[in-house]
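Heads up: the protein sequence lines correspond to chains W and V, in order. FYI, the numbering for the first sequence is 111 to 769, going by our numbering. FYI, the numbering for the second sequence is 61 to 528, going by our numbering.
No lab work stands behind these hints: they were computed from the structure. A quick note: this is a predicted structure, and the numbers were derived from the prediction, not measured. Here a beta-carbon is modelled for each residue, glycine too, at the ideal position from N, C-alpha and C. Where hints are given, some of them may not hold.
Stated by the list, open to error - Partner residues are not named here, just some residues of chain V that face chain W (Cβ under 10 Å, in silico):
hint	residue
1	V179
2	A395
3	P398
4	A400
5	S490
6	P507
7	V511
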Amino acid sequence: MRPVVWIAGAGIPLLTVGALAGHNAARSHVRDMMGGVDAPLECASCHVYMKPDGLLSRLAREDYLSPRDLAIGPDGRTLYVVAEEADAVLAVNLTKGTVENRIAVGRRPHSIVLSPDGRTAYVSNGWSDDVSVLDLVTARVTATVPTGMDPAGLALGPDGRRLFVANRASDDISMIDLAEGCEIKRLAAGNNPYAVRPSPDGRFLFVTSRLTEGTTIRETPRTEVTVVDAAVGRVAERHFLDSAHLLEGVDVLPAGDLTLATVVRPRNLVPSSQVAQGWMLTYGLAAIRPGSSSPPVQVLLDDVNAYYADPYDVVVTPDGARAFVTHSAADVVTAIDVAALREVLDAASPDSAALFASHLGLSQRYVLARIPTGSNPKRMAVSPDGTRVYVAERLQDRIAVIDVASLSVVDHIDLGGPEKVSMLRLGARQFHGARAFQGQFSCRTCHPDEDQDALAWDFAGDGLGRNMVNSMTLRDIGGTAPFKWAGTNTSLYMQDGIRFARHLTRVDPFPTKELRALVAYIYALDAPPNRYREGEPSAAQQRGRALFERSAMNDGTPIPPEGRCITCHDGPYFTTREKFDVGTRRDTDKPGMLFDTPQLINLTDTDPYLHDGSAASLEAIWTENSENDEHGVVSDFNKNQLNDLVEYLRTLGSPDDTP
Amino acid sequence: MTRRLAILMIGLVLALTAAAILGAVSAPGDVPDALVVFTQLPARQAPGPDARFPEGSRLAAIDPAAGVEPVVLTPDFAAARAADVHFDGRRIVFAGQKQAGGPWQIWEMDLARGKARLVVASCERCTDPVYRADDGIAFVAPADGSGAGAAMAVYTIAPGALVPERITFHRTSVGALGLASDGRVIMATGEGSPADGPTEYWALRHDGTGAELLYRHPAGSTLLGRARETVDRDLVFVERTGDAGPRLVSVSTAYPETSRREIPLPPGARVHSVAPLTDGSRIVSMRGAGHGDAVYGLSRVVDGGDHPLVMDPAFHAVEPVAVEPRPRPLGFVTATDPAAGIGTFFGLDARLTGLGRIDSAATVLRVRTPAGELGEVPLAGDGSFLLELPPDTPLQFETADARGRRVRGPSAWIWVRPGEVRGCVGCHESRSLVPENRVPVAVTGEPVSLVPGEPSLGERPPHDEGGM
């Protein structure tokens, strides 16, 4: 017999056996690594999509622009666009519809405001903690002014000499003297202040907050709108919106008597047994009457059987006749008849306010049109003559142009981003799009900016009224599996696959490609810089670290390993990724339930704390929620030591974030 | 297959290809771009709405734009009717009887190939199929056997599955299925006697959960056939009130109570059934109105004007459906658990009966099955309640005051599926009303079990669903 026949005769069975063995080994490997698998996995699922810094992932990346905010020059000819992922501002010639300039600014720019003469722009840089001052004539950054932490919305004072900046992470408002080029005052705001808009005369600034005030578990959330008297630099009023949060857009009617803010109305206290009938979330507007003692009235923008998730911005035309709201998860702009809206608001009384805020049918009275847009519409700008509304389509790298008369998109301006939809961009679209029954919510609704919404939710899959869980940040969590407070989801494929569909969205799970893209997107999310670890650690931080790592009490009594912080909160993310009972289980939690050790990255951004959000502050973890030293031995701490520990905990940042 | 049939089939293939390429959407004209599939009934038969299994019926298709005669799609069947078109606009599913006297089963046909394949074989009298969003099929079959005259229930079968699952447990017969754009199955049912026909349209998920009333005429009209949803999310259907003739009606799925309007038809027209087209026009099966009274024909109706498409003195042309691609809704992941043995039902405030209306006297909730009263539970201080109930059983609710007198109810008959957790905002509440964000008092305690023989909570294994 010829050798080739021998080789084939022996080789084919060997290859078959080898292939079978390899297949079985691969299956075993997946089981070992992933714990349980309820999603279709391939080698790339883990070795590419979960490796954002891997060679293949880096090769596949595209440099998108991601327009978030925009402003129009006073002559209406130039549109300035904040390109968030490009760390730049784009100057768009509206006559030609082309980008004519690209000006580099700080990290993760967020918002832009122009001087009245249109010669200067101020851009907040979220991850640089400063404001870039742009000379629009020379297209150069002329100054950089430090602000509070994570600056977002901004506005000029009435004389144009002061700039007010909402600082998300430090919950305050920077007042900047533009002549001096420095911050001269800091005003206390609500939790996570975000959007800023002046009254028509510029005297008052309306600053919306995104997160609820310090409510505790099973309390109704309430969120603040801060009114700043910009002339004197003081907080003039604080309005609170019940059962509402994520107030991301605000505008004031030209008459100055009514301020509109976008709201998300969560039902986190109602067991999530269903989605239909607005059972989990609804979206609308809050109407605030400045100077009035009557509480703000909230009305919905949704309709029966149709929800318009994640409202992000509201703008009013100069004549006050029309308002427009972007719904960033529904890819829709809602057009509103302001006169009709006023009629509804005027009919509201304190007794009927709750009913108005819960009535899906009211929107029929004032919604004129639902205008489809590209992916993820964010901020808008109205042309000076009031005939056009420009919409930043963030995940489309495009500007939509809406004709106010016909209430339709009449043009698009391509900003020049990559045409290719990369895996990460596809994942971003899954994350920010409302794939839920009747479009009721997106991933982003509970994880704004991929972070957390500061609410504890009653997920019915764990029992009604049982196991309420605090939503968790998604930033830089790739190295922290397993997921979920109970640590039962061994991978994001499990977390965001069939379980997500069965218990939350109530529609088909993400198709395989989209699920992979979503996982890749989440794995690629970076944590923002830690603001507490600049330079050498302070003395308090050093003392806190010693307490964190200590093995003996103040009196020298040895602390057993299970009583030391460092035992469970070890490693690059300060978690051993194991489950423990630290005495925080409630009567309403599943008996015997253990909790996955949470990571401790950027703790100041992730309050409230513990699995059910019952600790409003880091201190409260031990002062109100720990008995018998079950959550680390701290009973011998004096007040200063607790403060030192907290000071140290605040400095814990991502391993990729070097001071 | 005859030579003529072959030629027409080739024509169908070409037309389908063109329709797919062009999207089959155009401005309304005299004839639609879409093919139309319909049921032909021998002229001697009365095409009543209760004729679910008519002898001699058959499916036919016509390409109105081509101006050719209808082609029979089911020449190899003894009888066939009730076609529904797949989202891709290339396939239909229908009820067919292969041999005279044989079972009525559910079949699927690739229109380009003209070949039918059996998709549900395991029932004797199946009909009214519709495609689910996931390519499964929902259909109607006898609830408790295959005998003629048995009450009908909705069954569904998942793609690739062999055994259908019953998903409705109404006390009365159901039928005339449709599919809403949000993926829910629409069915006709009601408390009226079988002779009167159904009086309500309901919507439910394809696992039988979340069943809710969509439409009921306040004067108790009889609903004739399927309700079909338009691109504007309106339901169109045929309705008969009292002695008046059938009328073509449209309601908004969001506001059915306040949006009912009658669609104008040519004077003297008597309508049988309707199919909306994606261009906003409708194919209507009707007779009279200058088309003769002998048989139902098909016309395209645009703004009250009609353009005859099919009129064959030998056959009624009924149950039209347009062969057009349409958006596929997102499907559902089932929330049922056959092993659960119970369903959970909780209400946020049983005293809430409408927008801002409170029955403050109500203190008790009673639950009834067709066999009698199942039990009653006191309402919590906020009007909430949390019950465990026998699954797949018709249930009726009513509130009562402290002296046991009925305050409101009884409700319509509903059910819970095993493992379903179903909630309601109030009793007979408006669907415009969303829940208030507060912890219902009832869920801070243990559920009340009204399941006969169900072990108490302490005896049950720990709940380990896992949740999110």
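Output the indices of the hints that this structure fails to meet, ascending.
1, 3, 4 and 7
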